[in-house]
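Given next are the chains, with one letter for each unit.
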Amino acid sequence: MSTTTPAPSVQGLEPEVRLGLYSSMVLVRTFEEAILREYHADKGPGFDIGKGLVPGEMHLAAGEEPVSAGVCAHLTANDAVTATHRPHHFAIAHGMALRPMAAEIFGRTSGLGRGRGGHMHLFDPDTHFSCSGIIAEGYPPALGMAFAFTRRGSDAIAVAVTGEGAANQGAFHESLNLAALWNLPVVFVVEDNDWGISVPRSASTSIPNNADRAAAYGIPGHRVEGNDVDDVHEVAGRAVARARAGEGPSLIEVHTVRMWGHFEGDAQGYRPDLAEVGDRDPIPAYEDRLRSAGVLDDEQIARIRADATERVEDAITFAKGSPEPDPAEAGMYVFAEEAQS
Amino acid sequence: MIQSDIHGETPHVGTQDDDLIQLLTVTGERVHHQTYSSRVAHLDTEALEGLYRDMVLVRRFDTEATALQRHGELGLWPQCLGQEAAQIGSGRALAAQDHVFPSYREHGVGWTRGLDLRKVLHQFRGEDHGGWDPAEHNFSLYTLVIGSHALHATGFAMGVQRDGDVGTGDPDRDRAVVAYFGDGATSQGDVNEALVFAAVNDAPVVFFCQNNHWAISEPTERQSRVPLFRRGSGFGVPAVRVDGNDVLACYAVTQEALERARSGGGPTFIEAVTYRMGAHTTSDDPTRYRSRAEEDYWRTRDPIDRLRLHLVAEGTAPEFFTALDAEADAYGEQIRDYCRSIPKAESSRMFEHVYAAEHTLVESERAWFTEYEAGFATEGAQR
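Heads up: the protein sequence lines correspond to chains A and B, in order. All residue numbers for the first sequence refer to the working numbering, where the first residue is 8 and numbers rise by one. All residue numbers for the second sequence refer to the working numbering, where the first residue is 2 and numbers rise by one.
Hints are computed from structural coordinates only; laboratory data are not their basis. For clarity, every value in this text was computed on a predicted model and none was experimentally measured. Cβ coordinates follow ideal geometry from the N, Cα and C atoms, glycine included. One thing to keep in mind: the hints can contain errors.
[Stated by the list, open to error] Here are the simulated distance ranges between beta carbons:
#: 1; chain 1: B; residue 1: D45; chain 2: A; residue 2: A210; range: 41 to 51 Å
#: 2; chain 1: B; residue 1: T361; chain 2: A; residue 2: G57; range: 35 to 45 Å
#: 3; chain 1: B; residue 1: A357; chain 2: A; residue 2: G338; range: 24 to 34 Å
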């Protein structure tokens with residue numbers, strides 16, 4: 008959906024839009040639950056992170072679906088998204104094909120990066136999507152893409168995502184400053200999930216509201232305090248419309264929730280709110296709201312969930328059935344041409 | 002819930018002086034300021050004459066060094082011309098135990114720390130191991146990398162915190178740290194990370210930004226959409242904007258910031274609005290990118306001239322200025338003699354110690370450079 012006018016108010020949000028937001032969140036959660044199942048299937052006694060179908064670290068985004076759904080509802084595949092080490096929700100909400108995405112996560116040759124990137128490095132030219140395991144490193148490339156869109160006369164925009172911890176990185180500040188100066192069509196999105204791994208926000212950030220950081224660079228900043236997809240949709244709609252209209256960058260911070268660990272296997276012993284975190288699941292809450300509003304009934308819920316499951320299991324089956332890269336080819340694709348030893 | 006603190010309006014950098022703290026006008030009149038006048042009330046005529054002497058002698062040092070570079074005695078010189086008030090005013094507010102992390106243009110601050118400025122010449126003459134002992138004057142070595150020392154200053158300040166030298170109430174013990182950098186450095190991630198760390202840890206550090214309007218050839222308005230001191234709000238750091246060519250105002254705001262830091266109140270961001278009257282360095286030609294009219298405007302706001310006007314009006318005798326001129330001339334001669342006495346190192350020595358073992362690339366570069374330098378000697382001999 009391409010939006011060039013300000014989004015309607017929450018009360019006026021059309022039922023189809025809300026169904027779209029709901030479906031996006033359900034699809035993401037279904038995908039992440041399937042990854043969770045496959046990831047933990049064979050980690051052996053004592054959780055060996057190197058074992059199983061998906062070796063290595065895994066950062067899942069359960070609880071943060073309102074951010075990706077609310078923002079990406081305003082985007083098309085022409086728009087760029089640069090995401091974080093926790094990228095699945097934004098990748099799916101932005102329309103990434105699930106089969107090559109799952110295959111990449113499983114490290115198979117049919118994956119987006121031929122199995123060489125893994126879950127933190129999903130690069131998809133079709134949807135202008137990229138992400139990185141390096142904190143805040145998606146911000147400068149988003150500016151580059153936005154600059155390119157502008158030079159080509161396109162009204163496409165770039166969305167750059169980080170967590171609240173990354174908002175303390177130099178790259179974040181350099182990007183806000185340069186985007187402001189060059190009036191680039193960028194929407195900066197900060198997912199404030201309270202925790203930078205085990206570091207609480209209060210120990211990393213000196214201000215309660217990163218919207219104040221936006222003001223310090225002369226751009227609009229908005230903080231969405233609740234993890235509410237309708238609110239995110241509204242605020243993101245204004246920011247995206249501003250960017251498309253050539254009015255420059257904005258920053259959105261959403262106070263969201265990381266329902267699971269920083270990575271799978273994180274016991275989260277540092278976290279005092281662990282017992283209540285399940286109560287903050289945004290999906291059942293939104294489901295109830297839509298049911299009350301008459302937007303959604305049990306039959307539709309069952310169909311949306313069944314569709315999601317079917318698509319996700321298809322992607323997982325595709326991934327598991329794809330070949331693994333030949334170890335002898337590990338040195339390929341490092342340089343465009345074969346390196347001279 | 003959507004918070005209503007939406008900042009839709011975009012402020013722009015301007016030359017409006019609404020927020021600018023000033024205690025001494027360009028014509029040398031004292032201005033009353035509710036907050037800051039009391040901080041300079043104790044400075045009597047003798048003290049003001051002292052500040053004037055500081056600025057005159059530092060300018061002489063800077064002018065001599067520039068000339069020495071033009072004579073081929075120094076490889077490079079970064080001038081502080083025009084920024085004497087920002088450096089002397091802030092530097093004279095420091096206590097002995099405070100520690101300074103300068104960039105590469107803070108000759109005036111070094112002067113206030115009791116550093117023999119002639120030592121600064123060693124580095125720019127290319128001498129091996131040029132420099133000074135940072136602990137002797139609590140004045141670190143110059144940092145040529147833009148903004149990186151803001152992090153060093155913050156780390157040092159966090160160390161001061163852990164030594165317990167903050168908030169004891171003992172004026173001889175409590176310490177602050179000052180990082181000096183320019184307007185260009187505010188665009189660097191390092192400076193922003195330093196502000197984040199300083200703010201979240203309440204580190205006793207003062208970020209003293211000399212906005213001299215030019216980051217080499219890049220004007221400030223192409224580096225920030227907001228006046229630089231507004232950056233402080235993004236970090237939860239108190240920030241002030243001061244007339245950087247007003248030695249009294251610079252003294253007052255720095256003193257306030259230092260007191261906040263030493264007492265445990267955390268960091269402050271100071272934007273001292275000044276002007277780089279000279280080139281970025283002697284390798285730069287500012288006529289390529291800025292107008293004579295702009296330079297002329299700032300020449301009327303000279304930091305030394307306005308204090309001289311004030312002193313004259315307050316009755317300082319002409320003999321004071323005559324004697325100071327003689328002192329400056331004598332100082333200039335010392336600087337010239339000293340500089341020429343520093344032995345020059347072989348330039349090709351820069352190729353040493355790059356790799357532990359001999360490296361073909363370095364060796365080929367050394368050979369090229371040796372031949373290049375020898376070429377100069379040959380040309381000179383033929384003339």
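Against the structure, the hints come out as follows:
About 47 Å separates the C-beta atoms of D45/B and A210/A, a value consistent with the hinted range of 41 to 51 Å. Distance hint check: the CB atoms of T361/B and G57/A are about 40 Å apart, consistent with the given range 35 to 45 Å. A C-beta distance of roughly 28 Å is found between A357/B and G338/A, which places it inside the suggested range of 24 to 34 Å.
Checked against the numbered hints given earlier, this structure breaks none of them.
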